[in-house]
Amino acid sequence: MAQIFPRSANALARGSIFLGLFLVLALGAAVFALARSGYVTRQGLILEQPVPFSHDHHVGQIGIDCRYCHTAVEKTAAAGIPPTATCMNCHNQLWTNAAILEPVRASFKDGTPLRWNKVNDLPDFVYFNHSIHVAKGVACVTCHGQVDKMPLMYQAESLQMNWCLDCHKDPVANLRPREEVTNVAWQPPADLPALQRDLAIRYNVKSKTSCSTCHR
Amino acid sequence: MSVADLPQSSHHAPPVLAPGHGPATITDKISSVVFGRMPLWFYVGMLIAFGGVMMLLGALTKLVFEGIGIWGNNQPVGWGFDIINFVWWIGIGHAGTLISAILLLLRQEWRTSINRFAEAMTLFAVACAVIYPLFHTGRPWLAAYWLLPYPNTMGMWPNFRSPLIWDVFAVSTYGSVSLLFWYIGLIPDLAALRDKAVKAWQQRVYGIFSLGWRNSARHWHNYESAYLLLAGLSTPLVLSVHSVVSFDFASGQIPGWHATIFPPYFVAGAVFAGFAMVLTLVIPLRRFFGLEDFITTRHLDNMGRVMLLTGLIVAYGYAMELFTAWYSGNLYEMYMVKNRLTGPYAAIYASLILCNVLAIQPLWFERFRRSVVALWIISMFVNFGMWFERFIIIPTSLHRDFLPGAWDMYTPTRWDFATFFGTIGLFLALMFLFVRVLPAIAMFEMKTLTPEAKIKEGAH
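So the sequences go chain by chain: A and B.
Read left to right, the first sequence gives residues 0 to 215 (numbering that gives the first Met the number 0).
Read left to right, the second sequence gives residues 0 to 459 (numbering that gives the first Met the number 0).
Next comes chain B alone, as it looks inside the complex (with noise of 0.2 Å):
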C-alpha cells in the first residue's frame, strides 16, 4: 500500500507527508536540527533577535524608573501601543490552539506536522502579550493585587464586573493550558531525542523532560487520554480568548468600541493573524532545514484557505461596521466611521484595507495558495493589517469621541516602538531556541502518517 492510494480529501491535493518516508527517516531528519550544527544564517537571527531583546529590557527599565510618560498615550487616547500590540500578539496565538485542539478534534491529519511549532508560538507570543498589561500599570510589581484576586491585607479586590478582570482570567487560563497541551505533546518527542542523544549531558536534560517515557502501552494510552482530554479544554479557549479581549472594548460605550459583532469579529480576526503568522515562520523554516517533505504545499494550500475564510468574515466586520453606523442613524457612530475613512488616521485605515481585504483575495486561486513566494507576501500584509486594524480601532475610536472640545492626536513616542519591535525580538529569539532544543515537529504523529502506520488508524 502506497501513499498514493490513501484516501485524501481530493485527488489533486498533494500528500501531507511526502512519498519514501519511514518511522526512521522522519526521526533522523527532525532530530538532525536539533542534534546537528547549526548553520551561519541561524547565528545571525538569533543575534539581531537577542538584540531586540535587549532594546525590549532597555524599553521596559526605562519605564519603569520614569513611569509610562514616557509612551505616547495620554488624554483622550488613554490605551495606545500597551493595548494595540496585547490584543495583536494574543491574535497571533490562536492559529497555534486552532490547530492544536479543533483540527485535532475534527480529525485533519494535515495539522499533525505544524501543531508543535504553531502551539510554540501561541506560547511566545502569549508571553510577549503579557509583557504590556503587565508593564502598562508602570508598576509591575504592583500589578499581583491590581490583577489577581487573592487575599491581601488591604482587604482590596478587583472589580468583579470589570471585562479587564475576566482578561486576566482568559489570558492565563489560555497560557497555563497551552502550556499544559504543548509539553504533554512533547513528552514522546522528548524521549526519542532522549534515546537519540550521545552527549551524556543531552541524554540527562531530555531524560528529566520526558518523565521517564519508555514508550509503553500503559503509556501510550495514559498519553492519548491526557491529550484529548487537554484538546477538550483548549477547544472553548479558541472562542472564549478572544472573546473576553473583545469585551474590553464592546462593553465601553465609545463609538467605535461599543458594539455587539466584536467577538465573533476578534475571534475570526485573531485567527487570521494567527495562520498569517505561521505561514510567515514556517516557510523560511521549511525551506532552510529542508523540511519540505513534512510541511508541504498541501499544508500551505489548506492554510491559505482558512486565512482566505477568516480574513472574509474581518471584511464582513469592516463592512457591518460601516453599516451599523449608518443604519443606527447615530451622529456619533457616522461621525466615528467618517473620521476614520477621512480623518487624520484615513491612510492607516486605508492601509487596513488593503492588507486585510485585497491582499487576500488572490487566495481563491490554487495558483497563489500552492506558491511560497505568494503565501509568505500575504501572510506579511496580513500580520500588518491585522495590526492597522487594532491600531483603527483603538486610538481612532478614542482620539475623536462625544466632546470635540476633548479632541486630540495620538502619537507614539520610540520607546513605544522600541518595546513594540522589543517583543518581536523576543517572539523571534524564543522561536530560535526552541527550534534548536526541541522538534519543531511531531516525530511520533508523524509516524502516524507513513504507509506502515496506515494498516491500523492513527493515533488520535
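Just chain A, with the same shape it has in the complex (with noise of 0.2 Å):
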C-alpha cells in the first residue's frame, strides 16, 4: 500500500505540537500586553490643541498654581478647563502679537470658546469626583504625574481600572497634607509613612472599593 504521508509528515506532525502550544501562549501575551499599553489606553499620547499650551513654561517656570485655572477642583466632579478670559488676564499684556496665541485672542474677541481636547478622558459609566480627592489629600500629581516637566500635556497614568484600586484598596500610601495638593514640588519629610497614618486618621480617608463607589 502507498503511503498516505510524505516523509517530512513526521517533522511536520512533531512541531505542530509545539507550535500550537506556543502559538497560544504568544497569543495571550500578545493580548495581555496590547491591552495594557499605550494603544489602548492613550497613556503617553499627545494630542493635537488648538494652541501648544504647555505648563511646563506656566506652572514649572512661572509658578502658577494648578487652581488659578482650574478653579472648580477643590468644589466639583470636574476641575474645570479655563475659559479664554483667564488666559487673557496676561495675555493683553504679554505676547500680545505673537502669532501662537492668534486663536486665543480670536476666540476672546468673538465669544467662542477654544475647543481643547480632553487628554485625561475617563469612560462615562465612572463617576469621578475631583473634589474629594483633593479634600482627602491626594495630589494633583498623583494621578496626573509631574505636569510642570510637560511641555505638551500627555495623559501620565493608564487610567485603567486595576489603576483606580490600586489607589482605593490601600490609599494612605498615597496621601499628603491638603495645603500641599496642588505644589508640585513638595518634598516629603523623613517620617513620610507616620506623616500619611495621622493624616488618614485626621482627614477619615478610608478603603473604597465597592463597585456602587464609582459606578453609581
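Take these hints with a grain of salt, some might be off.
So the derived label-pair ranges between C-beta atoms look like this [what the hints assert, rightly or not]: (1) A:N9 <-> B:Y144: 40 to 50 Å; (2) A:F31 <-> B:F416: 38 to 48 Å; (3) A:P82 <-> B:M53: 54 to 64 Å; (4) B:A318 <-> A:D165: 52 to 62 Å; (5) A:A84 <-> B:W145: 23 to 33 Å; (6) A:L44 <-> B:K61: 34 to 44 Å; (7) B:N158 <-> A:K117: 28 to 38 Å; (8) A:L11 <-> B:H218: 16 to 26 Å; (9) A:S130 <-> B:P235: 53 to 63 Å; (10) A:S206 <-> B:N329: 11 to 21 Å; (11) A:Y202 <-> B:P235: 49 to 59 Å.
The set of hints was computed from the structure by calculation and includes no laboratory data.
C-beta atoms are modelled at their ideal positions from N, C-alpha and C, and glycine is treated no differently.
With the hints as a guide, bring the two chains together.
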C-alpha cells in the first residue's frame, strides 16, 4: 500500500505540538501586553490642541498654581477648563502680537470658546469626583504626573480600573497634607509613613472598593 | 470455543455480541455506515435538525440584539428556561461519562458497543448546555471576565465563594476531559478508517486525526495507559459535576432549593436522564443501521436496569422533599410543597411524578426491558420527566417565596421555546454528523468480544 503522507509529515506533526502550544501562549501574552499598552490606554499620547499650551512653562517656570486655571477642583466633580478670559488676564499684556496666541485672541474677540481636546478622559460610566480626592489629600501630580515637566500635555497614567483600585485598596500611601495638594514640588518629610497614617485618621480616609463607589 | 461457552453474568442473558462475528465482519459492518451511502431518512432527519440549528441562531441573534428581556424570566423568577435547560443538558451528558469511565473500571464489557456513542452524546449535550449560561448573560462577549478568572485590566475576579464559578470549573473540566477521552478512544478506529478509505482525501483526513497510529505493540501499550488514566480522571467527574450544579441551588436559601439531599439526588437524576437519552437515540440507530448484532437486547436490558435504579433514587428524593418539608415544621418549606402539589403549576408536578416515578415501573419486568418499543416509550417519558423536574425545582420555588407581595407567575415566551428546540436541533444535527463521519461503535473494542479474542483477556 502506498504511503499517504510523505516522510516530512513526521517532523510537521512533532513541530505542530510545539507550535500549537507556543502560538497559544504567544497570543495570550500579546493580548495581555496590548491591553495594557498606550495603544489602548492612550497613556503618554500627546493630543493635537488649538494652542500648544505648555504646563512646563506656566507651572514649572512661572509657578502658577493649578487652581488659578482649574478653579473648580476643590468644589466639584470636574476640575474645570479655564475660559479664554483667564488666558487673557496675562496675555492682554504679554506676547500680545505672538502668532501662536492668535486663536486665543480670536476666541476672546468673538466669544467662541477654545475647543481643547480632553487628555485625561475617563469612561462615562465612571463617576469620578475631583473635590473628594483633593479634600482627602490626594495630590494633583499623583494621578496627572509631573505636569510641570510636560511641555505638551499627555496622560501620565493608564487610567485603567486596576490602577484606580491599586490606590482605592490602600489609599494611605498616596496622602499628603491638604495644603500641599497642588504643590508640584512637594518634598515629603523623612517620617512620611507616620505622617500619612496620621492624615488618614484626620481626613477619615477609608479604602473604598465597592462597585457603587465609582459606578452608580 | 464459542460465544455460548463464555461466562455470562446470567444464564438467560443474551450475548453482548451476536454469534458469527469476527474481527473482519465487525470492521466491515461498522465502517460501512461511514463509507456507505446514507439512506433517505438520514437526509430528512438532518434537514429537520439543521432547521433547528437555524432557529437557534435566529433566537440567539434576537437575544443579542434585544437583550434577555425577550425571555420570560423576570423578578421574582430570575432563572427560567436558561437554567432549566442548562441543567437538563448537563444531566443528559452524565450517561456518557458513567459508561465510559465507571463501567470501564468495573470491567463491564457490555459497555463496549455503546460507550463511543454515549461519549459523543456527552460532548454534544455539554455543547448545548454551555449555550445557556453564556447567553443568559445577554452579552456573551463580556462573559469571559464574568465567568473566567484571568488577570484583566480591571483587577476584577469572579466571586470564588459562589457556586456559579465552581460551575464554570466543573463544566469546563467535564467538557475537556470528555473530549480528550472520546478522542483518545477514537484513535485506533480512525486509523482503521484511514486504512479502509478509498478516496485520497478521506485517507488524508482520517490519517491526520489518527496521529500516525500503526497498531504497534508500543502504541497499544501507550494507548492503554492513557485511556485508563483518563478513565480514572473522569470517574470523579460523574459525581462532581452535577453535585456542583446542585450547589447552585442548595447554597441558596429559597425553600425548595436549600436542601442537603440535592447533590446525590441531582447525580442520580443526571444518570437517569442520560441513560434515557442513550436509549432514545440508540434504539432507532441500531434499527436503521442494522446494528442489532452489536447493540443487543443485553445492552437494552442493562440500561433499563440502570434507569430503574437511578429512577428509584430520584423518586426517593421526591419523597424526601415532601417528608423534610413536613418534618421541618417550617412554614415556608411546607407552603413550598403545598404550592407544588396544588398551586398553579400542579399539573407539571403531576406530570413529573407520572413520567419519572410511575412510567418506569414496568422496568421491573424483563419483558419490558427487552422490548424496544416499551423501552423507547419509557425513555421518552423520562426525557420529559427530567425536564419537568428542573421546571419544578427552579420556577416553582422562585415564583412564590417568603413575601406574598412579591409573588408572580412565570410564563416562558416563544423565544424561550425557540432557543430550547434550537438546542435540540443542534444536538441532533451533531449526532447525525457524528454517525456519518465517525464509527459510532468502537470497532477495536468490539473485537475483544469476539471468540478469537477470548482466549486471552479483554483490552482493558
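To see whether the hints hold, each was checked on the structure:
no.: 1; hint: A:N9 <-> B:Y144: 40 to 50 Å; in the structure: holds (41 Å)
no.: 2; hint: A:F31 <-> B:F416: 38 to 48 Å; in the structure: holds (41 Å)
no.: 3; hint: A:P82 <-> B:M53: 54 to 64 Å; in the structure: holds (60 Å)
no.: 4; hint: B:A318 <-> A:D165: 52 to 62 Å; in the structure: holds (55 Å)
no.: 5; hint: A:A84 <-> B:W145: 23 to 33 Å; in the structure: violated (49 Å)
no.: 6; hint: A:L44 <-> B:K61: 34 to 44 Å; in the structure: holds (40 Å)
no.: 7; hint: B:N158 <-> A:K117: 28 to 38 Å; in the structure: holds (35 Å)
no.: 8; hint: A:L11 <-> B:H218: 16 to 26 Å; in the structure: holds (19 Å)
no.: 9; hint: A:S130 <-> B:P235: 53 to 63 Å; in the structure: holds (56 Å)
no.: 10; hint: A:S206 <-> B:N329: 11 to 21 Å; in the structure: violated (40 Å)
no.: 11; hint: A:Y202 <-> B:P235: 49 to 59 Å; in the structure: holds (53 Å)
When held up to the earlier numbered hints, the structure conflicts with 5, 10 and fits the remainder.
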